[in-house]
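Number of protein chains: 2
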Amino acid sequence: MTTPPLSDRVRLRRRHDRGGYDATTLYPILDAMPMCSVGYVFDGHPYVTPTLQWREGGDVFWHGSSASRMLQAVDTAEVCLTVAILDGFVMARSGFHHSTNYRSVMLLGTARKVSDPDEKEARLKAFVDGNFPGRWDILRPPLAQEMKGTTVLTMPIREASSKVRTGPPKDDDEDYALPIWAGVIPVRMEVLDPVPDPRNLEGVEPPEHILNFRLD
Amino acid sequence: MTTPPLSDRVRLRRRHDRGGYDATTLYPILDAMPMCSVGYVFDGHPYVTPTLQWREGGDVFWHGSSASRMLQAVDTAEVCLTVAILDGFVMARSGFHHSTNYRSVMLLGTARKVSDPDEKEARLKAFVDGNFPGRWDILRPPLAQEMKGTTVLTMPIREASSKVRTGPPKDDDEDYALPIWAGVIPVRMEVLDPVPDPRNLEGVEPPEHILNFRLD
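In order, the protein sequence lines correspond to chains G and X. Going by our numbering, the first sequence wraps up at 217, each residue one higher than the last. Going by our numbering, the second sequence wraps up at 217, each residue one higher than the last.
FYI, nobody ran anything at the bench for these hints, they're computed from the structure. Treat the hints with care, as some may be off.
[Stated by the list, open to error] Okay, derived cross-link-like pairs now, EDC-like style, lysine to aspartate or glutamate, Cα gap no bigger than 20 Å in a straight line:
#1 G:K171 / X:E147
#2 X:K171 / G:E206
#3 X:K149 / G:E206
#4 G:K171 / X:E206
[Claimed, not checked] Which stretches of chain G does chain X cover? Using the computed rule of at least three CB atoms under 8 Å from a CB of chain X, they are:
#5 9 to 18
#6 155 to 163
[What the hints assert, rightly or not] Only part of the chain X face toward chain G is listed, based on derived beta-carbon distances under 8 Å:
#7 Q73
#8 P199
#9 R215
Note that the structure is predicted; figures quoted are calculated from it, not measured. The beta-carbon is built from N, C-alpha and C at its ideal position, and this holds for glycine as well.
With the rest of the complex left out, here is chain G:
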């Protein structure tokens, strides 16, 4: 059922039962959580920058200020982009078998800047509209200097693996006889009611893309 990994670097060494390498497992995790971590090497040192990612087809994108050290460092450089969604704390009958339920993706590759201005604007529109359908067109259009000040990076989803854990704890057989409460404490990202900017004009109501916003 699972496509074998294209690269030995992303192959799961342990817990093969938790791993996946195909679009069917990778894409829903990327699509469920914009927050990601981008790892890169700068001057020989490892750095990790939290940012937001979005996916279009088989490519992942992220963006930021053109002045950002991370964005300057990673153009045409190797990166490791991870998304990790915490789904619960797994409470076992021994400390050793405590765990978490989670969905995670690791992408390896070489990042490149989206340099064509039209493509860059189209990518940013897809980012905004992907999370908030229709928002791009109601916003004040971007200025040339804003587009210049924004860098969009991309990487193909090629060297990639997912890792997922679900379900109750897995204890040692003999430990199931112990009178210890075991189970899962589920957690999830909750989206709360939108808080209007105090400077909104009177009578401006939140559009559907604000009211309907969900994660997952």
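Could you slot chain X onto chain G? The hints should help.
Structure of chain X alone, referenced to chain G:
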């Protein structure tokens, strides 16, 4: 009010208003969210591994299987550990001023294994009890082979910075006149009701440390 950074590597190049370098800003963020990302260099390539961290005094800890590639790679190696808590989506009147509210910490340093067995067990107890007070002592005690199969890593919280954004969007002055809904969509990690393991013994009820568990 803010202690200057001890290292130029963690100094914020941009958005100094969002940065902090002292325990008062760093520790509450680390304590609010166990999930973290550990970045490291292996064979010259960047990797990021999501895992859980905990803090004792001025040191941060994380753990995993002794067979883990990450844990083997980072002993006495440089790492970058980040915690990032997403607090909201900041919806502005232009695409450019969209942002997120967040609390994040970046720690740089050299990881070392906790090799003394007694210290290792004490650290793991602090991890479990820090999140679930009193749980360690009601669990089946750890076996020697489990302790051997678990690696605990640590790093002093020394080269560190926090970055925080809160509040409404900051739009260009003239854009406040536009009839566009702006504001914040807050998000938070919600802790749901515990789900008992179907194999719990009859009459075993969840203890206080399960019922009272909170993030933040």
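Right, here's what the structure says about each hint:
Restraint check: the Cα-Cα separation between K171 (chain G) and E147 (chain X) comes to about 14 Å, which is no more than 20 Å; the hinted pair holds. Proximity of K171 (chain X) to E206 (chain G) is assessed by CA-CA distance (about 19 Å); at most 20 Å being required, the pair is judged to hold. Among the hinted pairs, K149 (chain X) with E206 (chain G) is inconsistent with the structure: their alpha-carbon atoms are about 59 Å apart, more than 20 Å. For the hint pairing K171 (chain G) with E206 (chain X), the CA-to-CA distance comes to about 19 Å; that is within 20 Å, so the pair holds.
For the region 9 to 18 of chain G, the stated coverage by chain X holds: 3 residues have a C-beta nearer than 8 Å to a C-beta of that chain, and at least 3 were required. Counting residues of the region 155 to 163 of chain G whose CB lies closer than 8 Å to any CB of chain X gives 0, so the stated coverage by that chain is violated, three being the minimum. Given hint, Q73 (chain X) at the interface with chain G, is violated; its Cβ is 10 Å from that chain's nearest Cβ, farther than 8 Å. Hint status for P199 (chain X): holds, given a least beta-carbon distance of 7 Å to chain G, under 8 Å.
Given hint, R215 (chain X) at the interface with chain G, is violated; its Cβ is 10 Å from that chain's nearest Cβ, farther than 8 Å.
Violated hints, in rising order: 3, 6, 7, 9; the structure is consistent with all others.
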